[in-house]
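Trainee: Spelled out, the chains give:
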Amino acid sequence: MALLTIKFSTATFGGSPATVAALTGSADASNVAKIDKQVLEVLSETEVLILDVAELTYANSTFIGHLTDWYSRLVEAGHRIVLIGCQPQVFDTLNVVGLLNIVPHYTTLAEAERALVPIQTEA
Amino acid sequence: MIPTNVYFLSGIRNFVLDAAHNVAGFNKQWAHRLQSVVDELANNAIEHGSQHGDEIELNFTIERQKSITLTIADHGTGPHSHTAAELTELAEAAKARNNQPTFDLRGRGFQIIGNWTDTLEFADNEHGGISATIHKHYVESSESHQQVADIVNKNSYALNI
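First to last, the protein sequences are chains D and W. Following our numbering, the residues of the first sequence are numbered contiguously, the last one being 177. Following our numbering, the residues of the second sequence are numbered contiguously, the last one being 168.
Worth flagging that the hints you see were computed from the coordinates, not collected in a lab. One thing to keep in mind: the hints can contain errors.
[Claimed, not checked] Under 8 Å between C-beta atoms, here's a sample of chain D residues computed to sit facing chain W:
(1) S80
(2) D106
(3) G119
(4) D146
(5) G152
(6) N155
(7) I156
Remember, predicted model here, so these are calculated numbers, not experimental data. We treat Cβ as the ideally placed atom computed from N, Cα and C, and that holds for glycine.
Using the sequences and the accompanying hints, generate a full structural model.
Mentor: What follows is the structure in structure tokens.
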């Protein structure tokens, strides 16, 4: 069985409370349902879900289906999801199914914040 | 032959990654892609074409620095078994989406398989199930550190699981 763990922590993203979900391991049909349950529990309580996939070494279509579902639920609630730190092989898979056309993705959290959070200018 | 349990797929993936890179000579990017292709095909065979306690059959033919051919066969005992004609239609529709996203929970496996193989064919097999065969020609590697010569000394390698 492929190993997949998820660790949650809190952060701020552009001044908004955010949940960081850090995935480690390989995400496939044998383990994604368990992770999905944990993510769904925090989705309703977060404005920004930062999915840190820097330690995710494999992702198949089952995982991508759930990721798309998380994206849809958050967007419908007026919230957002950001993907951080894709390894090349995971990036390749997410890209071939078009997911990276809809989910914002950045190398680091700082880069995401610079790109997505409007600059506050003093009047 | 492997049992119809998705828990076994990580081992198959590791084998394919190793064989595609170290035996067939594909670069790491293509080895990872072929790993995904096999995972998606095997997952479909287990989830849709097999009942619990059954087996699926994987058959690889590897010609070093030429091609990989893989056939995955199920017994058609699953709850959502399709005919070869139905699967061909589904796969062609998925490939035609290219890399456009879908918001459905499912339907991306054929997008991955279709985009990362040269051919994908389905046949109704003698067990009442589906045999899915993919073929991928060797892709010239841009990696300078590729070391495959010490792994195999022969030009052709075949394995039945």
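Trainee: Now look at each hint and say whether the structure bears it out.
Mentor: Tested hints:
1. The restraint placing D/S80 at the interface with chain W holds, with a minimum CB-CB distance near 6 Å, inside the 8 Å limit.
2. For the restraint placing D/D106 at the interface with chain W, the shortest Cβ-Cβ distance is roughly 20 Å, beyond the 8 Å limit, so the hint is violated.
3. Interface restraint check for D/G119: the shortest CB-CB distance to chain W comes to about 4 Å, inside 8 Å, so the restraint holds.
4. The interface hint given for D/D146 holds, since its Cβ lies 7 Å from the closest Cβ of chain W, which is under the 8 Å cut-off.
5. With its C-beta approaching chain W no nearer than about 3 Å, D/G152 sits inside the 8 Å limit, and its interface hint holds.
6. Restraint check, D/N155 versus chain W: the minimum CB separation of about 6 Å is within 8 Å; hint holds.
7. Residue-level restraint check for D/I156 holds (minimum Cβ-Cβ distance to chain W is 5 Å; threshold 8 Å).
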